[in-house]
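Number of protein chains: 2
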Amino acid sequence: MNPSPIHDLSRLCIHTITTRPWSIETSIRQYAEAGVKGITVWRDALVGRDPAAVGQHIRESGLHIVSLCRGGFFPSVDRHKRSLAIDDNRKAIEEAHQLGAGLIVLVCGADPGQSMEVSREQIREGIETLLPEAAAAGVKLAIEPLHPMFADNRSAINLLSQANDLVEQMGSPWVGVAIDVYHLWWDPHLEQEIARCGRNKALFAYHVSDWKTPTVDLLNDRGLMGEGCIPLKKIRSWVEAAGFNGFNEVEIFSDRYWQTDQPAFLQQITAAYLKHV
Amino acid sequence: MNPSPIHDLSRLCIHTITTRPWSIETSIRQYAEAGVKGITVWRDALVGRDPAAVGQHIRESGLHIVSLCRGGFFPSVDRHKRSLAIDDNRKAIEEAHQLGAGLIVLVCGADPGQSMEVSREQIREGIETLLPEAAAAGVKLAIEPLHPMFADNRSAINLLSQANDLVEQMGSPWVGVAIDVYHLWWDPHLEQEIARCGRNKALFAYHVSDWKTPTVDLLNDRGLMGEGCIPLKKIRSWVEAAGFNGFNEVEIFSDRYWQTDQPAFLQQITAAYLKHV
Chain G
0 MNPSPIHDLS
10 RLCIHTITTR
20 PWSIETSIRQ
30 YAEAGVKGIT
40 VWRDALVGRD
50 PAAVGQHIRE
60 SGLHIVSLCR
70 GGFFPSVDRH
80 KRSLAIDDNR
90 KAIEEAHQLG
100 AGLIVLVCGA
110 DPGQSMEVSR
120 EQIREGIETL
130 LPEAAAAGVK
140 LAIEPLHPMF
150 ADNRSAINLL
160 SQANDLVEQM
170 GSPWVGVAID
180 VYHLWWDPHL
190 EQEIARCGRN
200 KALFAYHVSD
210 WKTPTVDLLN
220 DRGLMGEGCI
230 PLKKIRSWVE
240 AAGFNGFNEV
250 EIFSDRYWQT
260 DQPAFLQQIT
270 AAYLKHV
Chain U
0 MNPSPIHDLS
10 RLCIHTITTR
20 PWSIETSIRQ
30 YAEAGVKGIT
40 VWRDALVGRD
50 PAAVGQHIRE
60 SGLHIVSLCR
70 GGFFPSVDRH
80 KRSLAIDDNR
90 KAIEEAHQLG
100 AGLIVLVCGA
110 DPGQSMEVSR
120 EQIREGIETL
130 LPEAAAAGVK
140 LAIEPLHPMF
150 ADNRSAINLL
160 SQANDLVEQM
170 GSPWVGVAID
180 VYHLWWDPHL
190 EQEIARCGRN
200 KALFAYHVSD
210 WKTPTVDLLN
220 DRGLMGEGCI
230 PLKKIRSWVE
240 AAGFNGFNEV
250 EIFSDRYWQT
260 DQPAFLQQIT
270 AAYLKHV
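Taken in sequence, the protein lines are chains G and U.
First residue of the first sequence: 0, per numbering that gives the first Met the number 0; consecutive thereafter.
First residue of the second sequence: 0, per numbering that gives the first Met the number 0; consecutive thereafter.
Simulated from the structure, these hints should not be mistaken for laboratory data.
Don't take every hint at face value.
Remember, identical chains collapse to one label, so a pair may be satisfied in a single copy or spanning two.
Unchecked claim - Restricting the straight-line Cα-Cα distance to at most 20 Å, the calculated cross-link-like pairs of lysine to aspartate or glutamate (DMTMM-like) are: (1) K36 <-> E127; (2) K36 <-> E59; (3) K232 <-> E59; (4) K274 <-> E127; (5) K211 <-> D7; (6) K233 <-> E116.
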């Protein structure tokens, strides 16, 4: 039941969206100064920058680039929009390659104007279209199952079992799963599906935050680890038992925290990481 | 795939919470005048009334009492609060008996201060404690799985498969399931679990509304049928294929609709029922 103890920040990664008020340059400097060792770059942070130069800057600062967020959003009732989504994912693969990120996280998408079954089929088609190009670029793709409250327009993949099914159907070492506790903590089959994901060698990423009571916004009210009811240590023990030894990535969307002093928030993150993850 | 066509309001039931601004007396009169044939009574509507007299009033108005909402909320870290919850459920059984409602819907509860496994065990214990008393009163109990966005403090039962598991474990004809499309529409196993629920003779109630995009509040932003992405006709076809021939119950929590003219809203409900359910 107990995961390995966390004594330092060597496996801590932070998503740039977590400190959204900061530019990517500020995030890199602040994370590195705080002793954080990993960064996941959101694509909005790259706007107007040369991804290769940002990647070099990150590595020179002593940080590891864990992943690029995010690709996906494949389904649409509109064929032209589906084609545009494929193009945008190709651009993400190129950005990841230039940045030096070995992984892209996929928020798979959904369209409330069509059935979930059709959206799921379009997701499968989209990923299969991209896989050869991702492999050629040396970039893996991670399907992130999203909480069912996002099933209408953000993801038709809402259970870890569905992501595992997709990965098994595709049978490629370039596609796996990103496990985010915020989306999956409540699932009664979580432990067994994490183990299955590990057996598939498909557990590519692990994201942490917390679920607050009450939660006042569906999207941007995530809690800092320890503020909510997600059994973080228990889930990490399952993830590690499944063979995962990568970064623990802090991904918090929070209007509340984005409005606070970001250096103080970063201190809270590192403290909460050591205590609660 | 196609459910039986709906030509009239003979199987339409409305939950009093749907027209919350109205007293129970106004709801009874308005529903009956609109040709609605069923009513599910929320307990807040009974405050200060004699349930037996309200029941008689409902029947004399030509309405069928489909269920009483709601019992449950069994889990707590505090033993005294668990005991109070049992007492309150006993009161609900008595109210249902007096009202003449043959069914109580259970929102099972959860406590973010303890694990979901412990909450689920307390739910099972709570229902098992009540079952003999419910049977003696001639009142059935329906476990309502709630959307995973309510897993923190409203229900540790979030999938129809979990409710079906519980019902099978208990093996009593007095405990079954309430299927609410708002909570369950996204589940990839919904069709098979509805069929399983039918085989168990446990499909006690069917609730409809819709999921809007965007949804701006976790609790009180449900849509009128047709406003959202829930495949209502498809799900009703599954429910009917499982042997259900009871009322289709409209249960909408909506700050938006509660602020509008309620007679006009009732007209919208009956029109949406005929067109979209």
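A quick look at each hint next to the structure:
1. K36 <-> E127: neither (32 Å within a copy, 51 Å between copies)
2. K36 <-> E59: within (12 Å within a copy, 72 Å between copies)
3. K232 <-> E59: This pair counts as neither: shortest intra-copy Cα distance 32 Å, inter-copy 58 Å.
4. K274 <-> E127: neither (40 Å within a copy, 39 Å between copies)
5. K211 <-> D7: This pair counts as neither: shortest intra-copy Cα distance 26 Å, inter-copy 44 Å.
6. K233 <-> E116: between (33 Å within a copy, 12 Å between copies)
Hint compliance for this structure: hints 1, 3, 4, 5 are not met, and every other hint is.
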